[in-house]
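Peer 1: Sequence:
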Amino acid sequence: MPISRRTALGAAVTGALAGGATGLRAATGPVSHPNILWLVSEDNGPFIGAYGDRHARTPNIDALARRGVLYRNVYCPAPVCAPTRFGILTGLYPETCSPAQHMRASAKLPPHLRTYPEYLRGAGYYCANNAKTDYNCDVDPARIWDDSSGKAHWRGRREDQPFMAVFNYMTTHESSLFRPAPGRENFQDLRIPAYLPATPAVRSDYASYYALMSAMDAQIGTRLKELEDDGLAEDTIVIYYSDNGGVLPRSKRYCYDEGLRVALVVYVPPKWRHLCPVPMRNEVRSPVNLVDLAPTLLSLAGIPAPKTMQGRAFLGRHAKGPAKYAFGMRNRMDERYDFVRTITDGRYRYIRNYMPHRIWGMRGDFEWNLKSYQSWEAEWLAGRLDADQRRFFGPKPFEEFYDLSADPDQLTNLVASPRHGPRLAVMRRALDRHMIEIVDNGFIPEGSPAEGYASSRSSEVYPLKSVMALAQAAARSDPRKLGLLTAALRHANGVMRYWAATGLLILKDRAAPAVQPLLEVARNDPWPSVRGVAAETLCHIGRGDEGVAILAERVTAPGPVPPRLMAINALDSIGDLAEAAMLALVAASSDPNEYIVRGAKPLVARLNGSYRPDTVFTSGRPQGV
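Throughout the sequence shown, residue numbering follows mature numbering (1 follows the signal peptide of the UniProt record, and there is no 0), covering -26 to -1, 1 to 599 in sequence.
A portion of the hints provided could be inaccurate.
Computed Cβ-Cβ distance ranges for the label pairs, DEER-style [stated by the list, open to error]:
#, residue 1, residue 2, range
1, 278, 566, 44 to 50 Å
2, 164, 133, 47 to 53 Å
3, 411, 248, 29 to 35 Å
4, 364, 245, 52 to 58 Å
5, 410, 153, 41 to 47 Å
6, 369, 29, 31 to 37 Å
7, 205, 423, 54 to 60 Å
Computed cross-link-like contacts, DSSO-like style, restricted to lysine-lysine with a CA-CA straight-line distance of at most 27 Å [said to hold, decoys possible]:
#, residue 1, residue 2
8, 106, 82
9, 245, 294
10, 439, 298
11, 294, 281
12, 106, 125
13, 199, 106
14, 455, 370
15, 281, 82
16, 245, 199
17, 439, 455
Think of the hints as simulated: they come from the structure by calculation, not from any bench.
Ideal Cβ positions, reconstructed from N, Cα and C, are used throughout, including at glycine.
Let the hints inform the model, and build the full structure from the sequences given.
Peer 2: What follows is the structure in structure tokens.
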């Protein structure tokens, strides 16, 4: 018989909501709510038989899907691990608490914003995390988990205590593709997306990816058997999901379906079936975002989500109705700066590129470990790519709109299609509303005084609606906005000045009439990020000597990393003009911060003529900027 969550939780839940997880084990006897087992795989989209992939060999996940509920259109908030894991942990979009939207950073989480294990522990749960954290914020894992380690397990709990146990599987992680996987020779008939050349290296990485998926699936099967052997299967809700899409070229880190779409399968045993609004052996097609996981966990435990959580529960007592859209984003990805926002309803995807002057295919040194990325760039340099394959190495349009059913590779941009005009207008407005509702911090240049959850909620510090209007005017590359952008260079607000300078940069040589105010800003603006953008613009309007000198000085300047990394990105975009900064770039090549090194070394090689796509310049893992 269904058990009332209200009766079962009682004072323990009230205490958890009022005081957080200070009383970590408030329950003194058996607690009548379900165990929860989370099985998390790294860096994979739904390359799974249950999702219709005929090449996949994933019998354990397929069997779980046949018994449970398969969520067809599930998306991560960012196409990379650290920002997404911030969202999973907090139920907040990472871009609401800068610099959490960047890969990798350390945002300050305000004390009143608690994480899901804190709420669950306050309600009596034993919470174990095995073992990845990567939360992109200053949360201490040892504080929020009962055990967060390679040995963490549900077996560490008291006998009468419900558990929430996370097991992370690195088998499909991007780095696993850096070396061959067995079985790849069996996949010569794989379909390669039209945006990629079907070179042997590309085919090999696709085949290896499927082999890794099979190995991961076997690990899932082993864990599920362990649950059965412990006699816990009928008391445990099982949730399998992948943390972000990827990792094949133009997937992880990019705001297309390959980077944002993930797998999600839920099995609820009969005892707890009342907690799932969908009968077992069904599919759900309405969009789900991984920021929904935290409020969903709370809902399964009978805990209403705090108003600060931005996700929506899809299971449990407090489940909400289906969502209409899922949202995604991209800002700095490792050493490369970009700014993308996107929305999908599962059938159509709208993408907005706020930095269209930055190409899609900015080399990221870690991802370029993949032979497929190296092969793709080599084919481009050799002039052997067709138009669909070449576009990755060119500038972006301000807007993209795709019919995912007719065009799964997302190559036919329908922004100008009259037929899709009304739908596009609706999705544009929905994206704008979402960005305002969550106070999207993405417009704030990294390392600036406006960063942070608290400061960004001051309209004086961060006038978001005005910033959004100016940023759209900037990103549209409309020379008729020259006067508006030039005037905004003198704005009292630093974020507004940053987007004014960015708009002039996007105009490039058409910004020449603004040369004098740009010179003034490049020399004297109090924000280093604004000075850097103005200096880069000077390089496109005949004042390259001044622009490069300012950028070179910034590359080796003492102080925070972000303005220095932005300067390297700027130098990387101006071609041979950057040779004048060679001394600074060589010095940066041995910098203590690996992101600085990753940006500088390939650029030095390009400038001195020694660059090769298959050269990996660094191999470590930086801890953020």
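Peer 1: Please write out, lowest number first, the hints stated earlier that are contradicted by the structure.
Peer 2: none
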